[in-house]
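Protein chains: 2
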Amino acid sequence: MSKVRVVIENIAPQVDCGRFPAKRVIGESVAVEADVFADGHDAVAAILLYRHEGSPDWISVPMTPIGNDRWRAAFAVKLLGRYFYTVTAWVDHLESWRHGLQKKADAGVATELDLQQGAVLALSIADRAPETDARSLREWAHAIGDASRDQEERIALAESETLHELASQYPDADIVCEHESPLAVHVDRERARYSTWYEMFPRSAASEAGRRGTFADVEKLLTYVASMGFDVLYLPPIHPIGTTERKGPNNLAGAGQDDPGSPWAIGSGEGGHKAIHRELGTLEDFRHLLAAAGELGIEIALDIAFQTTPDHPYVKEHPEWFLKRPDGTIQFAENPPKQYQDIYPFHFETDSWNPLWNELKSVIDHWIGAGVRIFRIDNPHTKPFAFWEWLITEVQRPHPDVIFLAEAFTRPKVMYRLAKLGFTQSYNYFPWRNTKRELTDYFTELGRAPVCEFFRANLWPNTPDILTEYLQYGGRAAFMVRLVLAATLGASYGIYGPAFELMENRARESGSEEYLDSEKYQVRSWDRERRDSLQELIARVNRIRRDNPALQGDRSLRFHTIDNESLIAYSKCGSSTGNGGERRGAAAHGVSENGADEAAAADCVLVVANLDPHHVQSGWLQLDLASLGIGPQDSFQVHDLLSGARFLWRGPRNYIALDPAHSPAHIFRIRRRMRTERDFDYFM
Amino acid sequence: MSKVRVVIENIAPQVDCGRFPAKRVIGESVAVEADVFADGHDAVAAILLYRHEGSPDWISVPMTPIGNDRWRAAFAVKLLGRYFYTVTAWVDHLESWRHGLQKKADAGVATELDLQQGAVLALSIADRAPETDARSLREWAHAIGDASRDQEERIALAESETLHELASQYPDADIVCEHESPLAVHVDRERARYSTWYEMFPRSAASEAGRRGTFADVEKLLTYVASMGFDVLYLPPIHPIGTTERKGPNNLAGAGQDDPGSPWAIGSGEGGHKAIHRELGTLEDFRHLLAAAGELGIEIALDIAFQTTPDHPYVKEHPEWFLKRPDGTIQFAENPPKQYQDIYPFHFETDSWNPLWNELKSVIDHWIGAGVRIFRIDNPHTKPFAFWEWLITEVQRPHPDVIFLAEAFTRPKVMYRLAKLGFTQSYNYFPWRNTKRELTDYFTELGRAPVCEFFRANLWPNTPDILTEYLQYGGRAAFMVRLVLAATLGASYGIYGPAFELMENRARESGSEEYLDSEKYQVRSWDRERRDSLQELIARVNRIRRDNPALQGDRSLRFHTIDNESLIAYSKCGSSTGNGGERRGAAAHGVSENGADEAAAADCVLVVANLDPHHVQSGWLQLDLASLGIGPQDSFQVHDLLSGARFLWRGPRNYIALDPAHSPAHIFRIRRRMRTERDFDYFM
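From first to last, the protein sequence lines are chains X and Z. Each number in my numbering corresponds to the 1-based position in the first sequence with 383 added. Each number in my numbering corresponds to the 1-based position in the second sequence with 383 added.
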């Protein structure tokens, strides 16, 4: 290190000092930045090195200074799995010499000796270069150092960019600084970033009331789901349900003979986590459903809940995986003073943790074998972090296309830890963020580094566990605005249906956020064709998402000022392949090459929503035009993709009024470039 | 790791992922925080471990949760040098059981089995404890598990804090999480944080004009320096000055026979960095000066400038330490197109870097041997970072009381790097931060983590190199306000005198920030007794610093709102031994124990300054009362320590008017507690 004068600091992206990888999806660009500098005034050079885990060879990209000793370069991730990257830098003596020579020449004080110094430097670089390049460097050195030639001409020769680029490939290894250990970025497929989820209970899928639904019934509903634009259909656990201590409707103790029990009460004499509930169908039926869904562009996501009932085969086969109480019985789940006698948690501190881990991983592998690639993990925050990190890493090594969604509505740091250690997407506090301040603060936090580097929010306005007060009391407009917020604040979002589109809003009791007659404990029959269903709105919103790449990522989210606390305004810009935040400016300033009335690169969507589901709210919007790539004097059109209405705006200040009885939100596509006389054929 | 369920994240203080130590001074407390949590709902326990580098034994301190899974504990640093600290945590099953039992007992559902579980847990802990503690734990376990005893009584027994504390000492090693590698804090003596510097040229110290000053003359001026309250007297280089290419007055080429040259042009036939300029005196005289200064509480700081003139003995003895040009001559300093033929920089990329490093370190060791403990390092940013890190570490290992001040007015990241790698104090951009916005932004940045953990600013309103435009054109008021700002924004500050107190404001030319007739190139004679000297103001300000521990640290700095852009207001609170920021609230809320008319712990100073040196400025101050430990309804007195005036205030809003012709600033001591009838003897 002792001749090394360059230092490298503060490389980004970087999660917890490199302990965890950053996340990207395939096709995106990873913009890497670092502070790079040396003592004194010498020029420095820096390169970004990266490689995919499958390749031993590092690829190098020259970095560019972006001010204040910060340097940047980017690389595109084209393969799933892990990439590694690092930064290398050195004092670039030839470049320092070129700078100095130019300044001296400009001041008229360049001397023969100055030129000789350049020649000496070039020759020493040539000694490190392979033959062809060495020859070029030597020729150049001799020309620079040839005192018989014109001095002006030799000074001009020093400016050769080609030779500088050549020379910069052969730094003196003694003075090169390498960053201590490479950092990693984990690359998922696109659906990790942009996905549209629909949750339903298969047993409520029957078209006639009274009959229990099957996989075949779910299959019949696929067109319904596809017509609304969903691409992930998520099913609660499909396994045999225990009978011991089974819960009846509304989670009451003492289920009747016909009560179906909770799908999360996994395991009976018929099998456990690898078995299918007899009433739903066979493995063959399940595979058929997967295939049928696939034809409609829908993937099936399975729920994985690592817990058992007292009837699960594991209890007899592996009693060592459960905690024994002093009387020899197995410890059931508790949250004192509440007790859940129907659920046995695994005891992860067992001495047999290793076989336990392997068995649980084999559950995932089993369903991967059946064709599943997306798993929604139930309560991951009640199992050890180390277990998940191991499991996800080991599963994704051979199957880098597998997606894990963490269902963890728990403490913020626990949720973030789960995301860091590998969960692809995460449930989050969206259900409880309803005011402008709450939404702005929370999504600003999620959108900023380091959180945005590892945490991909999947936004659910409702789930079988959560019927928020906002939805209970807000009526139709509340469902509408929460849908728009979820679908536009989140590149990934989901609804639990048909409860959502049918605006089910009856809670079990006042002050509770649980559904009355929840499908968790009983079979429900739904009239999906009800005229007031939100089906069409959902279909339209999802089509807007599909048509506008800006809504397929979260990194460009930006809030705009609007002078009414019930109105919220935000925009997203950029294409689906970008890094988002980093590319925002460039994308927004892109110029149309096809001369159409809209710049192709100008992919900006502006959402304005009325958070008050009961009253008309109006106010003045103050747009941050620069963030939208719009000049202060430019005219631009905003096109409400929900209503079809178009408005011509100019300047940052614009009036908004939203009537929740009609539509509680605008989803504006911004069309920046207006036709002018310059577009007319005869102009010029 | 596989049974370990706790994770530890984000330990603070932490500089660059632990690459560098944080900094404290002796007697301070290091408040260590970390995110500590486990999966699920079990209780966790965390301890802070620390040790001084001189001791192999870790000392443990239980950590306390402070909300949102953040934990805190503190330790006092009582020895110079390096301390290491880390965090260890585990799932605390006994504590989880206690919590659960209590909740069950409250709900009336606690069972015999619950008590047996506690007994089993306690017995397993006893197996890990040494004999005495094991016996206590077993006795306790038997009592808890004794079914013949009253259940209520046994539940009460479970609450025993003593036994819980005992048990918490013996966690199961299999489930303990240790943070990967210990972090470090470097402990300096108090003057590293709080110091008051005076810079002077010894050769201008003579009492009669025309004679060159000597160490003996400096000695005569010590009472003058001490009377103003300075505790560090910093001398520019005291070595022989080269004659080759010596610069004349005002840095012009071609010095005359009698021109003394720049003290930074080090080295002549008479010696180099270890020699003393013949005209100043002998080593004996220097030691005498040190001793005399010491008696007045003043330390001498020496300037170390690692560069040579062509006449330096190193040039002949170690030509390999300099860069040779193609013609065999030595490369002089350049900043193209400017050339400094009188200065040779060392060539740190020499193959002989190792002997060079050792020789330069021996320079420091030489002066340490002579009794110097403070070094002001000239232009450290033009020598390699690795060199400084090595040098400071190696010097401080045997001499942890040595202080290094970095003179680096260079790019921000370079300045920060130098501080991180070991410089005790740092020059900074204070000279060029003159408006309210500039001062607020800059000192907010310096006061925040991570910067405040490694960067200790030393504020200089002027130096021999810098006569700012503000001082050139602002007149007496400009000098006064910059003095107050430096002395109160910075726990360490310094002035270059007598240019400062005599308000020397003539620049070499318009647009230049260099002094006309700079002492760098010529001997000056000063009338230190001039009636308009700022001597008395300086003495008063430094006395205020000495009397108010709040001004002896920077971590509690907080800006307050005042509705005039020319007025700035800020406060500092806390005692000199605290961590500053962390202790602010506690200190401010401390209650007097002695019943005096002022709470002893309430050490808050409020500064309000008029940044406009030409006009009266007035405005309404909006105090953040909470930060001062003052209730919204409390009356409090503000006592201007500069003018002696006292004002009675109530509430946050108060009027300020400052006339620069009179005094451009208030330095208020806040006396929070007013006498009331309760203080009267007969009350009660």
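In case anyone wonders, no lab produced these hints; they're calculated from the structure. Some clues are possibly wrong.
[Unchecked claim] Here are the simulated DSS-like pairs of lysine-lysine, each with C-alpha atoms no more than 30 angstroms apart in a straight line:
1) K603(X) / K721(X)
2) K461(Z) / K487(Z)
3) K487(X) / K721(Z)
4) K487(Z) / K707(X)
5) K487(Z) / K796(X)
6) K386(X) / K819(Z)
7) K744(Z) / K657(Z)
8) K707(Z) / K386(X)
9) K386(Z) / K386(X)
10) K699(Z) / K721(Z)
11) K699(Z) / K721(X)
12) K657(Z) / K699(Z)
[Stated by the list, open to error] So these bits of chain Z aren't anywhere near chain X, every CB distance computed over 10 angstroms:
13) H424
14) L462
15) Q499
16) E514
17) D557
18) L635
19) E682
20) R794
21) L822
22) L899
23) H997
24) Q1000
Keep in mind that this is a model prediction, so the values were computed, not measured. Even glycine gets a Cβ: it sits at the ideal position worked out from N, Cα and C.
List in ascending order the numbers of the hints, as given earlier, that are violated by the structure. Violated: hints 1, 2, 6, 9, 11, 13, 15, 17, 20.
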